[in-house]
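Take these sequences, add in the hints, and give me the full structure.
As they're listed, the protein sequences go chains V and U. In the numbering used here, each residue carries its 1-based index in the first sequence increased by 4. In the numbering used here, each residue carries its 1-based index in the second sequence increased by 4.
In short, the hints are calculated from the structure, not lab data. Possibly wrong hints are sitting among the right ones.
A pair holds if it fits inside one copy or across any two, identical chains being indistinguishable in the list.
As the list claims (entries may be wrong) - In silico DSS-like pairs for lysine-lysine, Cα to Cα no more than 30 Å straight-line: (1) Lys142 / Lys6; (2) Lys217 / Lys61; (3) Lys64 / Lys336; (4) Lys64 / Lys15; (5) Lys109 / Lys6; (6) Lys6 / Lys61; (7) Lys159 / Lys135; (8) Lys202 / Lys239; (9) Lys315 / Lys6; (10) Lys206 / Lys226; (11) Lys265 / Lys41; (12) Lys159 / Lys336; (13) Lys226 / Lys263; (14) Lys155 / Lys47; (15) Lys226 / Lys332.
Spelled out from the first residue to the last, the chains are:
There are 2 protein chains.
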Amino acid sequence: MKTTTIRDVAKAAGVHPSTVSRVINGNTNISQDTVNKVLTVIKELNYVPNALARGLKTNKLHTFGMLIPDIANPFFAGLARGVENAANEHGYNVILCNTDYSLEKEITYLRLLEERRVEGLILANAKFQYKSIIELEKRRLPYMLLSRNIKGLQKNSISIDNIAGGFLATQYLIRLGHKKIGHIAGPYNTNATMDRIKGYKKALQYYGISFDKQYLSRGDFKSRGGYHIMNNYLKFDDPPTAIFTANDLLAVGVLEAIKEKGYNVPHDFSIVGFDDIQLASHLSPPLTTIRQPMLDMGYLAIIKLLERIEKQISHENIFLKPELIERKSCSKYQKVK
Amino acid sequence: MKTTTIRDVAKAAGVHPSTVSRVINGNTNISQDTVNKVLTVIKELNYVPNALARGLKTNKLHTFGMLIPDIANPFFAGLARGVENAANEHGYNVILCNTDYSLEKEITYLRLLEERRVEGLILANAKFQYKSIIELEKRRLPYMLLSRNIKGLQKNSISIDNIAGGFLATQYLIRLGHKKIGHIAGPYNTNATMDRIKGYKKALQYYGISFDKQYLSRGDFKSRGGYHIMNNYLKFDDPPTAIFTANDLLAVGVLEAIKEKGYNVPHDFSIVGFDDIQLASHLSPPLTTIRQPMLDMGYLAIIKLLERIEKQISHENIFLKPELIERKSCSKYQKVK
DNA sequence: TTGAAAGCGTTACCAC
DNA sequence: GTGGTAACGCTTTCAA
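Set out below in structure tokens:
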């Protein structure tokens with residue numbers, strides 16, 4: 005069974021194919037009569053334009069590609085949702101690719117997306133390096149890095165200001181009177197982790213608290229890690245009275261370790277997380293945390309990508325403001341334990 | 005700047021374009037010499053085939069469309085992940101569309117996907133009705149309904165066996181000695197809700213417990229709803245001693261209401277949820293729940309879709325087995341309260 | 001084993 | 001306002 009084409013419509017309407025094309029594309033220089041006639045036939049024949057043919061001709065399929073490690077991770081799901089919202093509003097579709105933190109997968113997907121002639125790329129994947137970006141630029145394939153910064157590249161990225169986020173969290177705890185503040189960081193090979201540490205140190209310094217390196221630990225963004233590190237803190241002669249974790253999952257583990265030992269949050273320890281995933285508000289106690297505006301970040305990424313495409317402009321790195329969400333996992337520092 | 009085409013490669017390699025095409029497509033009837041020559045040139049020129057042109061010619065762009073209400077919902081994210089895994093393994097890409105439970109959006113997206121000539125559709129969206137399916141069949145666009153059944157349609161769907169799920173949850177509570185078992189259901193306009201209720205009733209009947217309709221409540225799949233309904237139960241002269249909720253979020257609200265009144269889970273009340281979202285294992289107490297195998301469901305949907313495409317077969321509705329995940333929100337019925 | 005030619009379904013440019 | 005024609009980049013059939 006052949007699908008109906010623009011030619012079938014033309015024949016049935018008694019006009020030339022190019023006229024049908026003009027009608028479809030909303031060209032104005034056509035008599036109302038012809039427009040009506042063509043439109044009627046289109047409906048009658050149930051004609052659906054072939055976007056591939058159009059794409060081949062115009063070099064525009066109105067499709068973006070998005071690379072993320074894993075859509076099942078709520079953080080990336082939020083980004084993806086923001087991206088899709090903005091793309092859809094502008095008539096674009098997005099092909100989503102899960103790379104599982106594998107460089108190989110990233111490269112395979114990228115190739116696939118190039119073959120498909122996507123008009124732009126949102127890169128929220130993990131392993132991508134500087135030279136891959138150079139490759140993209142050589143091919144003139146517009147991209148935006150999302151929640152991702154690449155060393156040596158000072159443009160076309162959108163992420164939150166992680167330094168500000170770290171500062172915000174730490175400052176909040178300091179203002180509650182805490183002086184012994186632990187920070188459980190993420191893996192050290194990401195900018196996000198390092199910046200959050202910077203913010204943490206900056207706040208300490210700003211408020212005249214000296215940095216104690218035994219209070220800084222390297223975690224893995226998973227609850228298990230938070231659990232072990234907190235247990236370790238609890239063995240200290242002088243454990244921290246407040247903990248800032250580099251993400252919410254770490255805070256989950258911290259909470260577990262504290263409860264297990266019979267202590268209470270926020271009475272005995274104050275906790276601040278990072279991300280504000282759905283989980284955070286449902287923990288007991290509900291977790292005070294630094295919110296990343298995932299939807300906004302994704303949305304903005306597309307807006308900027310479109311600007312790049314339409315006006316050929318490059319953008320400096322953009323940093324969105326993090327926000328402190330105050331819930332019930334922190335309290336004023338209590339002298340007596 | 006023109007992109008390099010198959011013709012450029014041909015010229016540079018001193019062969020005919022059709023020969024290049026044959027090399028790209030792994031045609032065997034070519035001398036090793038020519039293959040090598042062409043491959044070298046392809047690399048030199050950095051040639052990337054145009055999938056649109058190929059798709060136009062072959063009518064196969066190897067792309068699927070997937071309609072879901074909201075990727076930010078962990079349940080759908082799980083499905084999407086499974087779908088993408090399977091699609092990718094078979095050389096397909098997937099265009100993801102968030103419909104926000106809006107029929108209008110569903111229709112708009114569907115049209116877009118048709119124009120793009122996707123080869124198949126995964127429908128996990130909400131509003132779609134029988135007549136839209138008929139429309140798809142008329143257009144010979146293969147589809148699979150995912151976690152979604154449509155009245156009157158006895159084929160091409162994959163979901164879990166919700167009756168079995170409801171039965172499993174209720175049976176578990178009964179075996180713990182509970183006799184007064186409440187069920188907080190979802191919205192009544194979905195098959196999933198109705199089937200879980202059926203399973204609940206079936207278990208009661210099977211174990212000789214008479215159904216008491218005051219113990220069955222209609223919820224909304226949100227924690228707020230669970231909270232209010234549980235508060236209502238607590239006002240009963242004879243409140244249920246165990247609650248089975250139609251999803252995990254409802255259980256979150258139930259837990260809150262119970263704690264607020266100073267009761268303890270699992271000591272005073274036993275709770276079983278449904279879905280097993282990430283949240284479930286991190287609640288306190290960790291929630292016993294019925295797991296839906298999201299990844300498997302998504303994966304299988306693509307496998308079956310491919311079968312339909314390649315072998316033109318229709319499938320009966322497929323029901324996957326739910327699984328009870330035992331955590332710490334249930335205990336044996338205690339006589340004295 | 002390779003070349004030639006036609007055509008997939010559009011759009012865009014040039015006539016009239 | 002509308003028609004004609006060529007071309008987008010590829011695959012496929014036929015012929016050699």
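Within, between, both or neither: how does the pair Lys315, Lys6 come out at a Cα-Cα threshold of 30 Å? The answer is between: 19 Å across copies meets 30 Å, while 40 Å in one copy does not.
Check: How do Lys155 and Lys47 come out at 30 Å by Cα distance, when the copy is not named: within, between, both, or neither?
Finding: Classified as between: cross-chain Cα gap 28 Å, same-chain 54 Å, threshold 30 Å.
Review point. Between copies, within a copy, both or neither: which fits Lys202 and Lys239 at Cα up to 30 Å?
Key: Answer is within: at 26 Å inside a copy they meet the 30 Å cutoff, but 52 Å across does not.
Intra- versus inter-subunit Cα pairing at 30 Å for Lys206 with Lys226
Within. Shortest intra-copy distance 25 Å satisfies the 30 Å Cα cut-off; inter-copy 40 Å does not.
Could you figure out if Lys64 and Lys336 sit no more than 30 Å apart (CA to CA) within one copy, between two copies, both or neither? neither (58 Å within a copy, 63 Å between copies)
Is the C-alpha distance from Lys265 to Lys41 at most 30 Å within one copy, between copies, in both cases, or in neither?
Classified as neither; 79 Å inside a copy, 70 Å across copies.
When Cα atoms must be at most 30 Å apart, do Lys159 and Lys336 count as within-copy, between-copy, both, or neither?
neither (41 Å within a copy, 60 Å between copies)
Between Lys6 and Lys61, at a C-alpha cutoff of 30 Å, which is it: within one copy, between copies, both, or neither?
Classified as both: same-chain Cα gap 21 Å, cross-chain 13 Å, threshold 30 Å.
_30 Å Cα threshold - placement of Lys6 relative to Lys109_ = between (37 Å within a copy, 28 Å between copies)
- Give the relationship of Lys64 and Lys15 under a CA distance limit of 30 Å: within one copy only, between copies only, both, or neither. both (27 Å within a copy, 27 Å between copies)
**Request:** State whether the alpha carbon distance between Lys142 and Lys6 is at most 30 Å within one copy, between copies, both, or neither.
**Result:** This pair counts as between: shortest inter-copy Cα distance 13 Å, intra-copy 40 Å.
Homomeric proximity label, Lys159 with Lys135: Cα distance no greater than 30 Å | Answer is within: at 14 Å inside a copy they meet the 30 Å cutoff, but 49 Å across does not.
The structure shown violates the earlier hints numbered 2, 3, 11 and 12.
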